[in-house]
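*Asks:* Chains as they are written, first to last, in the numbering used here: chain Z, 1 to 160; chain H, 1 to 160.
Rather than coming from a laboratory, the hints here were simulated on the basis of the structure.
Glycine residues also receive a C-beta, built at the ideal position from the N, C-alpha and C atoms.
It is possible that some hints are incorrect.
From chain H, some residues computed to sit far from chain Z (all C-beta separations above 10 Å) [what the hints assert, rightly or not]:
| id | residue |
| --- | --- |
| 1 | Ser40 |
| 2 | Gly45 |
| 3 | Gly73 |
| 4 | Arg82 |
| 5 | Glu85 |
| 6 | Arg99 |
| 7 | Leu109 |
| 8 | Gly121 |
| 9 | Gln142 |
Covered stretches of chain H, going by a simulated chain Z footprint (3 or more residues, C-beta under 8 Å) [unchecked claim]:
| id | stretch |
| --- | --- |
| 10 | 6 to 13 |
| 11 | 53 to 67 |
| 12 | 110 to 117 |
| 13 | 126 to 133 |
| 14 | 149 to 160 |
Letter by letter, the chains look like this.
2 protein chains.
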Amino acid sequence: MTQTEAPVLLTPEALTRHWQGHRRLTRRTIEAFPDDQLFSFSVSGMRPFGTLAWEMVTTTTYLLNALKSDSWGWEGLSREPRPQERAALLSAWDDLSARIDAELPGVSLAFMSTEKDIPFGRQTPTSATFYTIDNEIHHRGQGYVYLRALGLEPPAFYER
Amino acid sequence: MTQTEAPVLLTPEALTRHWQGHRRLTRRTIEAFPDDQLFSFSVSGMRPFGTLAWEMVTTTTYLLNALKSDSWGWEGLSREPRPQERAALLSAWDDLSARIDAELPGVSLAFMSTEKDIPFGRQTPTSATFYTIDNEIHHRGQGYVYLRALGLEPPAFYER
Chain Z
1 MTQTEAPVLL TPEALTRHWQ GHRRLTRRTI EAFPDDQLFS FSVSGMRPFG TLAWEMVTTT
61 TYLLNALKSD SWGWEGLSRE PRPQERAALL SAWDDLSARI DAELPGVSLA FMSTEKDIPF
121 GRQTPTSATF YTIDNEIHHR GQGYVYLRAL GLEPPAFYER
Chain H
1 MTQTEAPVLL TPEALTRHWQ GHRRLTRRTI EAFPDDQLFS FSVSGMRPFG TLAWEMVTTT
61 TYLLNALKSD SWGWEGLSRE PRPQERAALL SAWDDLSARI DAELPGVSLA FMSTEKDIPF
121 GRQTPTSATF YTIDNEIHHR GQGYVYLRAL GLEPPAFYER
């Protein structure tokens with residue numbers, strides 16, 4: 001990894017901390033749903049929050065694999081059937097959090113700023129990483145509405 | 001602004017482009033609401049999307065002022081009454097987009113990575129900027145649920 005003495009806007013370590021803060025909040029959001037609603041309740045026919053959270057597992061796994069292998073094909077995003085069960089979801093979640101801590105701080109800056117042909121268009125691995133994080137924030141915001149519709153208080157957004 | 005030849009994860013210019021992509025998507029979300037629903041409709045007693053969008057105007061104005069002045073006090077977040085009217089909201093939105101283009105690419109990297117006491121806790125201006133962007137994504141995701149509840153198709157998330 002190239003080191004520089006000059007000030008930088010964001011380091012891979014800071015990006016890792018930023019994402020992990022979001023991931024802890026998303027984990028609390030998963031936990032906030034009643035057992036019988038996580039994979040069934042939604043508003044207006046949208047996907048239940050458990051399904052959205054499994055999508056986050058899929059996109060995060062795809063991203064980590066691509067950052068490691070530099071393979072960006074769609075097949076990395078293929079959907080396997082997922083257990084409709086909170087414990088399995090949380091276990092997959094925690095495994096990925098450990099992978100992020102192990103893999104993201106050490107990414108090469110030159111690699112992260114080189115454009116690739118990825119399923120979301122031609123962009124850098126840095127952009128793809130933000131896309132993955134932003135997609136998580138987007139769907140978690142939807143989960144907040146589901147919780148409100150269930151009469152439940154979502155976790156505090158500012159707490160990471 | 002300090003320049004470096006070494007590769008970096010994110011430049012102020014790239015951060016500006018990233019945010020402006022989100023802002024264009026949020027603007028399309030504002031436009032997607034029917035006139036008579038933007039400031040009135042919501043799910044489960046949450047704030048209407050027009051109100052959430054004005055909050056984004058407030059937090060973005062606060063951030064840009066703080067990046068310029070290095071003043072981070074709460075008073076910068078004080079709420080003035082806002083017109084319940086889409087045209088006024090979009091006009092404020094566009095003014096801020098122009099300010100972001102004019103002001104964000106030139107921020108000093110040393111300043112952006114120095115911790116400050118800001119209303120969301122002790123953090124760097126870079127973190128405060130991401131907090132502002134993430135809050136926009138979060139609330140926009142809620143707006144997507146409102147649109148679905150109104151039987152309307154939200155704008156495509158991947159289009160920026």
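*Asks:* So, against the hints stated earlier in the document, which numbers end up violated here?
*Replies:* Violated: hints 2, 7, 8, 9 and 11.
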